[in-house]
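Let chain A serve as the given structure and place chain B on it in line with the hints.
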Amino acid sequence: MLEIKNFSLKLPNFSLKNIDLSISKGDIFALLGPSGSGKTLLLESIMGLTLEEEKIIDGKIILDGKDITKLPPEKRNIGIVYQDFALFPHLTVEENVTFGLRFKNFNLSEQKYYTNNLINRLEIKHLLKRYPLHLSGGEKQRVALARALALRPKLLLLDEPLSAIDPLFKEEIALLLKKLHKDFNLTYFIVSHNLKEVLYLANRGAIIKNGEILQKGPIEEIFKQPSCEFVARFVGLKNYFPVEIKNKKVLFDGSEIRADNYKKDAKFFSILPSKIKIFTNEPEKGYENILNGRVYNILNFDYYAIIQVLIGKRVFEVAISPNQLNESPLKIGQDIKIAFKKEAVRFF
Amino acid sequence: MVTASTFSDLLEAIKDQEVLEAITRSILTSLSAATISFIFGTPLAYLLARKNIRGKRLIEGIIDLPIMIPHPVIGIAILSLAAKESFLGNFLHEVGIQLMGTYTGIITVLTFVGLPFYVNTVKAGFSSIPVRLEYVSRSLGASAWQSFFHITLPLSWRHIILGMIMCTARAISEFGAIVVVAYHPMTAPVLIYERFTAYGLKYSRPVAVWLILISLLLFISMRFLAGLKKR
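In the order they appear, the protein sequences are chains A and B.
At position 298 of the first sequence the residue is numbered 298 (the working numbering), and the sequence of numbers has no breaks.
At position 127 of the second sequence the residue is numbered 127 (the working numbering), and the sequence of numbers has no breaks.
By construction, these hints were calculated from the structure, which means they are not laboratory data.
By construction, the Cβ of each residue, glycine as well, lies at the ideal position given by its N, Cα and C atoms.
A few of these clues could be false.
Taking beta-carbon pairs under 7 Å as the criterion, some of the chain A residues facing chain B (in silico) [as the list claims (entries may be wrong)]:
id, residue
1, Ala86
2, Gly100
3, Phe103
4, Leu108
Have a look at the derived ranges for each label pair, beta carbon to beta carbon [what the hints assert, rightly or not]:
id, chain 1, residue 1, chain 2, residue 2, range
5, A, Leu71, B, Pro154, 51 to 59 Å
6, B, Ile67, A, Phe301, 55 to 63 Å
7, B, Ile67, A, Thr92, 35 to 43 Å
8, A, Lys55, B, Thr24, 48 to 56 Å
Only chain A is shown next, with the shape it has when bound in the complex:
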């Protein structure tokens, strides 16, 4: 459906480098990366908004088999919903939704039926005569979606669709996006800096950093098998440290770690914070790995506490329940032992 082939673009102080992505019809593709990684620039390149000022050095953007690299935005039939919704403030909701229809040659009665259906599905009928200024965040998003979908775009670009939404309504909007995707047979290209927000929505994705794609593929795979340390940290993996495999031994900062199923070419390992136990005295039996450390910091949340433990020069994170912390209080600087089983170690 959408193919971005070896696409490079240069700005005075930033560039997109050799972007290769492929999005199939019906995909919900999530482009993930931190601020300033080039997500929005790539989004606007797909839209055709970077044609005038920036220099496309190389590569192609192909939509449904047609090369659209040099096509102006109005001829691409790609919809966009920005994070701030970008509703036209001088137009009513109805005028916003029908704005694009005047530029297209749709069958009038068929389009009226389609638009009415869209308005009903998005539950914005009661808002039609109002101006965007008087709408809530959720209402604005529904209007922006209706405006983009009214033109039946081949691809819908969503810029941080859940970031500007009140946490209470995030789930509702995520469900709505999923429902619209199914009901209207849509293809989404989502840009986000938060993997957790789009994990529910997306089936495929890519991680971008400094204008380069670091990893792409099924979203679960990115989450489970990060290709490098940056991706691992970005997807929120904790206790992710470099490892060396020498003579069938797993070495962490020179000391051996006992583990199952390690790969010969493993470069990193990770342990879930909940799989590590803290002992102030001798650990119970059954733990193959015991490391001496010192309490570095205690972060107390409502339902759990994170104990940061300094082991050599690395900081491990251990999750315990507040009850456990009350029963055996820990002090910053206290000498302790951490223990984990060999099956808790995952390799990358």
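Frame of chain A, contents of chain B only:
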């Protein structure tokens, strides 16, 4: 100043054909300068607000120049540019355009001094409109021109009117450059100056009062227009 002039002085002044003509001339030439600024200044302001064109700072500097330099210097510069021996002057002469002592000369001067105020005000207006609105409009099938006319222009018309007010205001008050380029036909500030130097304060004051009152009325009406339909 207003209270210093008696009602009969004011009545007598406005009945004077020369005064009436000078004030009308001042207002019409200033509005013409504002219209020309609107036609040429609007795309220029848009370009400066939205695009990273080469030499942008230089263009902005040239536009702001009339604000900084003494106005008789502007008059002298315009006359030098339009002198027969220059390329531009030769061209203007060939097509029959004369600046010295003509309406064309007055309007040229007023456009020159008023344009910076128009461009700067409208540029600020365009900059305040999120560029994403134009992007979305493009994604909805509108061309760059259609996006400008359907989105940018309706959202910035208040700034455009404000820019025209600023430009007209600056143009009505212009004296230094006009006196060099076109002493005749006389605009109100030149007439006030002439009456002051020839007859003194008593004869120049009623004309000045009329210019102030009419300008005030004009600007209040324009401000009223700019404040309409606020949402």
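Falls inside 35 to 43 Å, the C-beta gap from B/Ile67 to A/Thr92?
holds, 41 Å
Answer holds if the nearest beta-carbon of chain B is closer than 7 Å to that of A/Ala86; otherwise answer violated.
holds, 4 Å
Is the distance from the Cβ of B/Ile67 to the Cβ of A/Phe301 consistent with 55 to 63 Å?
holds, 59 Å
Against chain B, with CB atoms and a cut of 7 Å, does the hint on A/Gly100 hold up?
holds, 3 Å
Would the stated hint for A/Leu108 survive a check requiring a Cβ distance to chain B of less than 7 Å?
This interface hint is violated because 16 Å lies over the 7 Å limit.
B/Thr24 and A/Lys55 - C-beta distance against the hinted 48 to 56 Å
holds, 54 Å
A range of 51 to 59 Å was offered for this pair. Does it hold for the Cβ distance of A/Leu71 and B/Pro154?
violated, 27 Å
Status of the A/Phe103 interface restraint (C-beta, 7 Å, chain B):
holds, 3 Å
Violated hints, listed in ascending order, are 4, 5; each of the other numbered hints is respected by the structure.
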